[in-house]
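K.L.:
In case you want the letters, here they are:
Number of protein chains: 2
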Amino acid sequence: MPEAGTPPIGRLAIVGLGLIGSSIARGARRYGLAREIVAIDRDAGVQARVRELGLADRVTGDAAAGVAGADCVVLCVPVGAIGAVAAEIGAHLSPGAVVSDVGSVKAAVVAAVAPHLPAGVAFVPGHPVAGTEYSGPDAGFSTLFSGRWCILTPPEGTDAAAIERVRGLWQGLGAIVETMTPEHHDLVLAITSHVPHLIAYNIVGTAADLETVTESEVIKFSAGGFRDFTRIAASDPTMWRDIFLANKEAVLEMLGRFNEDLSVLARAIRWGDGEALHDLFTRTRAIRRGIVAMGQETAEADFGRARPDGETAAKG
Amino acid sequence: MPEAGTPPIGRLAIVGLGLIGSSIARGARRYGLAREIVAIDRDAGVQARVRELGLADRVTGDAAAGVAGADCVVLCVPVGAIGAVAAEIGAHLSPGAVVSDVGSVKAAVVAAVAPHLPAGVAFVPGHPVAGTEYSGPDAGFSTLFSGRWCILTPPEGTDAAAIERVRGLWQGLGAIVETMTPEHHDLVLAITSHVPHLIAYNIVGTAADLETVTESEVIKFSAGGFRDFTRIAASDPTMWRDIFLANKEAVLEMLGRFNEDLSVLARAIRWGDGEALHDLFTRTRAIRRGIVAMGQETAEADFGRARPDGETAAKG
Numbered sequence: 001m002p003e004a005g006t007p008p009i010g011r012l013a014i015v016g017l018g019l020i021g022s023s024i025a026r027g028a029r030r031y032g033l034a035r036e037i038v039a040i041d042r043d044a045g046v047q048a049r050v051r052e053l054g055l056a057d058r059v060t061g062d063a064a065a066g067v068a069g070a071d072c073v074v075l076c077v078p079v080g081a082i083g084a085v086a087a088e089i090g091a092h093l094s095p096g097a098v099v100s101d102v103g104s105v106k107a108a109v110v111a112a113v114a115p116h117l118p119a120g121v122a123f124v125p126g127h128p129v130a131g132t133e134y135s136g137p138d139a140g141f142s143t144l145f146s147g148r149w150c151i152l153t154p155p156e157g158t159d160a161a162a163i164e165r166v167r168g169l170w171q172g173l174g175a176i177v178e179t180m181t182p183e184h185h186d187l188v189l190a191i192t193s194h195v196p197h198l199i200a201y202n203i204v205g206t207a208a209d210l211e212t213v214t215e216s217e218v219i220k221f222s223a224g225g226f227r228d229f230t231r232i233a234a235s236d237p238t239m240w241r242d243i244f245l246a247n248k249e250a251v252l253e254m255l256g257r258f259n260e261d262l263s264v265l266a267r268a269i270r271w272g273d274g275e276a277l278h279d280l281f282t283r284t285r286a287i288r289r290g291i292v293a294m295g296q297e298t299a300e301a302d303f304g305r306a307r308p309d310g311e312t313a314a315k316g
Numbered sequence: 317m318p319e320a321g322t323p324p325i326g327r328l329a330i331v332g333l334g335l336i337g338s339s340i341a342r343g344a345r346r347y348g349l350a351r352e353i354v355a356i357d358r359d360a361g362v363q364a365r366v367r368e369l370g371l372a373d374r375v376t377g378d379a380a381a382g383v384a385g386a387d388c389v390v391l392c393v394p395v396g397a398i399g400a401v402a403a404e405i406g407a408h409l410s411p412g413a414v415v416s417d418v419g420s421v422k423a424a425v426v427a428a429v430a431p432h433l434p435a436g437v438a439f440v441p442g443h444p445v446a447g448t449e450y451s452g453p454d455a456g457f458s459t460l461f462s463g464r465w466c467i468l469t470p471p472e473g474t475d476a477a478a479i480e481r482v483r484g485l486w487q488g489l490g491a492i493v494e495t496m497t498p499e500h501h502d503l504v505l506a507i508t509s510h511v512p513h514l515i516a517y518n519i520v521g522t523a524a525d526l527e528t529v530t531e532s533e534v535i536k537f538s539a540g541g542f543r544d545f546t547r548i549a550a551s552d553p554t555m556w557r558d559i560f561l562a563n564k565e566a567v568l569e570m571l572g573r574f575n576e577d578l579s580v581l582a583r584a585i586r587w588g589d590g591e592a593l594h595d596l597f598t599r600t601r602a603i604r605r606g607i608v609a610m611g612q613e614t615a616e617a618d619f620g621r622a623r624p625d626g627e628t629a630a631k632g
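Here the protein sequences come in this chain order: A and B. The opening position of the first sequence corresponds to residue 1 in the numbering used here, with each subsequent residue numbered one higher. The opening position of the second sequence corresponds to residue 317 in the numbering used here, with each subsequent residue numbered one higher.
It should be emphasised that the hints constitute simulated quantities derived from the structure, not laboratory data. Here a beta-carbon is modelled for each residue, glycine too, at the ideal position from N, C-alpha and C.
Okay, the calculated bits of chain A under chain B, using three or more residues with CB under 8 Å as the criterion:
no. : region
1   : 130 to 140
2   : 245 to 258
3   : 292 to 305
Here chain A stands alone, though its shape is the one from the complex (with noise of 0.2 Å):
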């Protein structure tokens, strides 16, 4: 948490008050991390429901005149948006600002927006690892980033004061900073999130399909374990359509490896070699209790959603 006193940003200006937007917009006036803050999004509907939320200081659909002035400016539109969103601001941003995104692919990103940004103007991209299944503005809350890893992949040369405005908003946000190449980090990810979410789309869509279950079966018998990939293919699917196209070489390299592990349990499964089976379930287990441990998950049973009602709950 910073100090009370002068934020240590001026404007900091927000582009996409979805999910993310509005969590930093609510976390930077939290916890002062910013003396004034502007939300930009193209959508009226969006921009209403900003000001009646009062998430910042001015709203405008104008994202040019919006960057104006501010020493940070984060774009949090979804991945395929942001080249168009760069190419609109470049020309009015300050010098000495700093732009950074939230953006879960990060190559793509570095790509399409380096090329629009003016000279003495930074880029440090980022991606906060946080979110849950709902969009938009109001689905946001300041916490959203406490306790959670926030990757930034500056380029090699980027000015260290830039990478240290940047650095300081997330950590003030409550998250933990780390620092890694673009092209490291579209690989960790899309083991870690793309493609999790991948087979979690595809799994309710083969569900949705069948002729022998019905959907009122599907929906009824979810607890035994389906229920989990439900609420991770209720993501947004505009910002995850632009995520597998702009990630494609690393999702379809991390899934090439999950079909041939797949196939390996297959096999095992038809030839009935439990050993093989009991070995890997065994060994899941323990990359589980690493999560719990390093604070990324609740180790309550079921996510908690099982209330043992008072009674004694078991924790492993």
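Add chain B to chain A, keeping to what the hints say.
P.N.:
Quick look at chain B alone, frame taken from chain A:
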């Protein structure tokens, strides 16, 4: 909930005091469903723990002696062990007793259990679609089945009174009871539970084996979706090994469909077909809404993990 007064079951014997068995014991006690509860477990450590927790009136490792005089016997052991248990208790069951089970696979259980039961003893196979990722007698709680579905798959010609006795037990535990054939059960659960578990185990294994991304990175950045899969992949290895071996046909059939659909998705990504992706990602949201509407899932964002801290929190 049953009315106060005479419990509907005289002596209830539970074989296997893990998550499910111990939850039945707790619920039967709490809701007054049995006059006497006998806990049977071959593991001395479990026996000792069940005694300490006071979950039963009598605790024994001797299944044959334990089931003697019981009106209702519920087998709560892994599916692969259920035939051996049935063989062990068959000759010791009282005439008029009803035997049930809680296995996640039904056709294989019917085949394994039925031959060992004497005339005059009814078998009403059951499957409560509920659970958590934790195992053992400490993990259970009396409300585990509350509002969840329990599927009964009585063979044709089963004594109606026996079916009613088992239905009454589950309704007493708070479950909603539905009946279907064992074969249909196995298809439904293959898609709503078994294949989801298989692909969750699989992706956690794939992630653990990568050489380009470290296990520490997978753990740190798991909040992007991966961690939801690890909860499922932390489920009991023996139970799940047995399920896949016992429901081989249906699992491989559903897995084949999953794979076909995944190939189509992979191709859409490779060729940049954003519309196909967006269409699927939009369609899958509806299934989630159905599950939440039916009370089988919380509508809280991120399962309530990311607490909105008193601010406006969207429900969708």
